[in-house]
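Chemist: As a plain string of letters, each chain reads:
Number of protein chains: 2
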Amino acid sequence: MKTENDLKRNEIRLDNKTGYRNFPMVPRVVFGQGSFAQLGDILMPKRRNSNAPFIFLVDDFFEKNEVTLCMPLMYNDKVFFISANEEPKTGQVDTLVSKIQEEFEELPSGIIGIGGGTLLDLAKAVAILLNNNGLAQDYQGWDLVSKPSLYHVGIPTISGTGAEVSRTTVLLGPEKKLGINSDFTTYDQVVLDPDLTKSVPKEQWFYTGMDCFIHCIESLKGTYLNAFSQSYGEKALELCKEVFLEDVPSSESRDKLMMASWHGGMSIAYSQVGIAHAMSYGLSYLLGIKHGIGNCLVFQHLEEFYPEGVQVFHKMMEKHNIQLPKGVCADLTENDFDILINVALGMEALWENALGKDWKEIMTPERLKGIYQRI
Amino acid sequence: MKTENDLKRNEIRLDNKTGYRNFPMVPRVVFGQGSFAQLGDILMPKRRNSNAPFIFLVDDFFEKNEVTLCMPLMYNDKVFFISANEEPKTGQVDTLVSKIQEEFEELPSGIIGIGGGTLLDLAKAVAILLNNNGLAQDYQGWDLVSKPSLYHVGIPTISGTGAEVSRTTVLLGPEKKLGINSDFTTYDQVVLDPDLTKSVPKEQWFYTGMDCFIHCIESLKGTYLNAFSQSYGEKALELCKEVFLEDVPSSESRDKLMMASWHGGMSIAYSQVGIAHAMSYGLSYLLGIKHGIGNCLVFQHLEEFYPEGVQVFHKMMEKHNIQLPKGVCADLTENDFDILINVALGMEALWENALGKDWKEIMTPERLKGIYQRI
Chain A
1 MKTENDLKRN
11 EIRLDNKTGY
21 RNFPMVPRVV
31 FGQGSFAQLG
41 DILMPKRRNS
51 NAPFIFLVDD
61 FFEKNEVTLC
71 MPLMYNDKVF
81 FISANEEPKT
91 GQVDTLVSKI
101 QEEFEELPSG
111 IIGIGGGTLL
121 DLAKAVAILL
131 NNNGLAQDYQ
141 GWDLVSKPSL
151 YHVGIPTISG
161 TGAEVSRTTV
171 LLGPEKKLGI
181 NSDFTTYDQV
191 VLDPDLTKSV
201 PKEQWFYTGM
211 DCFIHCIESL
221 KGTYLNAFSQ
231 SYGEKALELC
241 KEVFLEDVPS
251 SESRDKLMMA
261 SWHGGMSIAY
271 SQVGIAHAMS
281 YGLSYLLGIK
291 HGIGNCLVFQ
301 HLEEFYPEGV
311 QVFHKMMEKH
321 NIQLPKGVCA
331 DLTENDFDIL
341 INVALGMEAL
351 WENALGKDWK
361 EIMTPERLKG
371 IYQRI
Chain B
1 MKTENDLKRN
11 EIRLDNKTGY
21 RNFPMVPRVV
31 FGQGSFAQLG
41 DILMPKRRNS
51 NAPFIFLVDD
61 FFEKNEVTLC
71 MPLMYNDKVF
81 FISANEEPKT
91 GQVDTLVSKI
101 QEEFEELPSG
111 IIGIGGGTLL
121 DLAKAVAILL
131 NNNGLAQDYQ
141 GWDLVSKPSL
151 YHVGIPTISG
161 TGAEVSRTTV
171 LLGPEKKLGI
181 NSDFTTYDQV
191 VLDPDLTKSV
201 PKEQWFYTGM
211 DCFIHCIESL
221 KGTYLNAFSQ
231 SYGEKALELC
241 KEVFLEDVPS
251 SESRDKLMMA
261 SWHGGMSIAY
271 SQVGIAHAMS
281 YGLSYLLGIK
291 HGIGNCLVFQ
301 HLEEFYPEGV
311 QVFHKMMEKH
321 NIQLPKGVCA
331 DLTENDFDIL
341 INVALGMEAL
351 WENALGKDWK
361 EIMTPERLKG
371 IYQRI
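Residue numbers (UniProt numbering), protein chains in the order written: chain A, 1 to 375; chain B, 1 to 375.
Just so you know, the hints here were simulated from the structure itself, not pulled from any lab data. Some hints here could point you the wrong way.
Note: identical chains are not told apart, hence a pair may lie in one copy or across any two.
Said to hold, decoys possible - BS3-like cross-link-like pairs, simulated, lysine-lysine; straight-line CA separation at most 25 Å:
#, residue 1, residue 2
1, K46, K147
2, K221, K241
3, K360, K147
On a predicted model such as this, the values are computed, not experimentally measured, just so you know.
Using the sequences plus the hints, can you model the full thing?
Modeler: Spelled out as structure tokens, the structure:
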């Protein structure tokens, strides 16, 4: 594992001494029910020639469930259906890049990611690695990418992660779960079509939506916040509350949750997540637990730190009749707990954001273990 | 004057039959008190060579009032101080472009606009015209710009217009007041430094803030709205209410109003303004009345159409002790009223957004004249 300081420096440089972050925004976005049908027109001017394909990385849910997804394939375009059952991995990115390089003489015209956070993060990383030598793990960290990525388009089919708008792609590597955080990570184009989220299974809808909700609570209650991030975070939170607590018609609800995810992702520009994310990273690293449900597993026990947020979370769980797994950490060894604690406490900036400069006095390894044991 | 249909087609194509707008966002933004100090670092990598200057178009308020504005000038960079007392004009753009072309052999490295809506719109137009032949008036309309603009940076020093984030630059031309609405209009970089708005005179602060407030009321009450624009518009409106009705500390208030302007500008992606803007365009065209105060002059009399919004507006006026000029249309001739009415009713999409498909039956020329006469 990398040291705490490496993680801090690479992942989370927020109190950047040279000034405020000059934040890259997605330069082009289309929003609307059915807007996926415009993808062909959007891609056409970006096709370099008939030998330079578009590569579609698509959640295999759309293969297995025969959900209609009419992709605008031309020439030698290629679709890879990929399972989102596990968190995206650096090795997976390297394999995809090799396959593409072996199969095509020319660099692709671009990469299209279609799915949830896993697919969106994979597509970002593949677009980077196709134009930068080496392995995905070499670029995990802050601003390590030197050459622009290939043109890449993000199309979320589930709402909440904010991956469609963020400047990072979080990957499980051999040594760490860490983002490739760079200006070249951000998508060149995003298509926000709420209709694509119609087929999301209910529990997945809930857990991924909670990624956004928890993210907002953590950043709004954090010490790093400024007015830019606050305004996006507040709007995202408000939309989450509408979607998960009120009785919004389903079409409107899909629209609103897609916008919540978008604003929630934007709010990270000048803010940071907190305790649930730090602890959830540990669960992902050790147990391979997916990010959305991992956040929920942790957040339910954080009433001391986010009293109001946790109360609202329980109301949402109840309204939608969600049962979280129990006893997830019941059979862990002492060594396992040490790994969880090391990974979580390594995310220094998240703790500092949550608890202030003196966070180490507040969150001791013993106290942290106590919370993990309740999961 | 152009015909109603020309105006409609060019300015406002919203119910675009080929699909949803693929909206260009500002690809790079920095936010923070004092962030203006980062401008030199931001521009450095964009300097093509020492003969390709940056041209700064700056509100002459900063010259006349000796407000410190430490511009990062190098080599042959040039500053033009420009009055914002009048609405920006196509002829003014053409003159600036000629001057720059005569003085410099090379194309500039870029254009920096520093000021309110007038300066921000001028800088956008100059950046377009330096790379596209002809006159500014040739490009007033929808997507008439064929070549990319020069790199251009927008730095608002007053909050409310949304010009820093919009894809248009609204200019008074010989024939019309109309925007150059194109993907190349949007800024490449925006610097949001709330400290720059410290020196804004109170009335100007109010009128420009009301541009944002009125814009939000009009788009949120309009028939064109979707969830994307609604979420931005609601947040902008909420921030305006905080700033103008609550007692927010001045530093926080500047932060919030700058974000209100930003979100308000974003909300236009899939929405449209309404009656106050249509009528205010008439006042600008005939009487040269500035956009911010023009909106206020009209909006105060629109209680039939926006009852709640007009009520809140009067509360804001009262709280800040704002006295609007009276009798503005008192001495107008019948011919003057015809011009006002023609310009205003020419903005068909604004009326349709406000009043629905049958707007012509609701807003007759006589009724419109009655409102103008109260101003």
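Chemist: Hint by hint, which ones does the structure fall short of?
Modeler: 3
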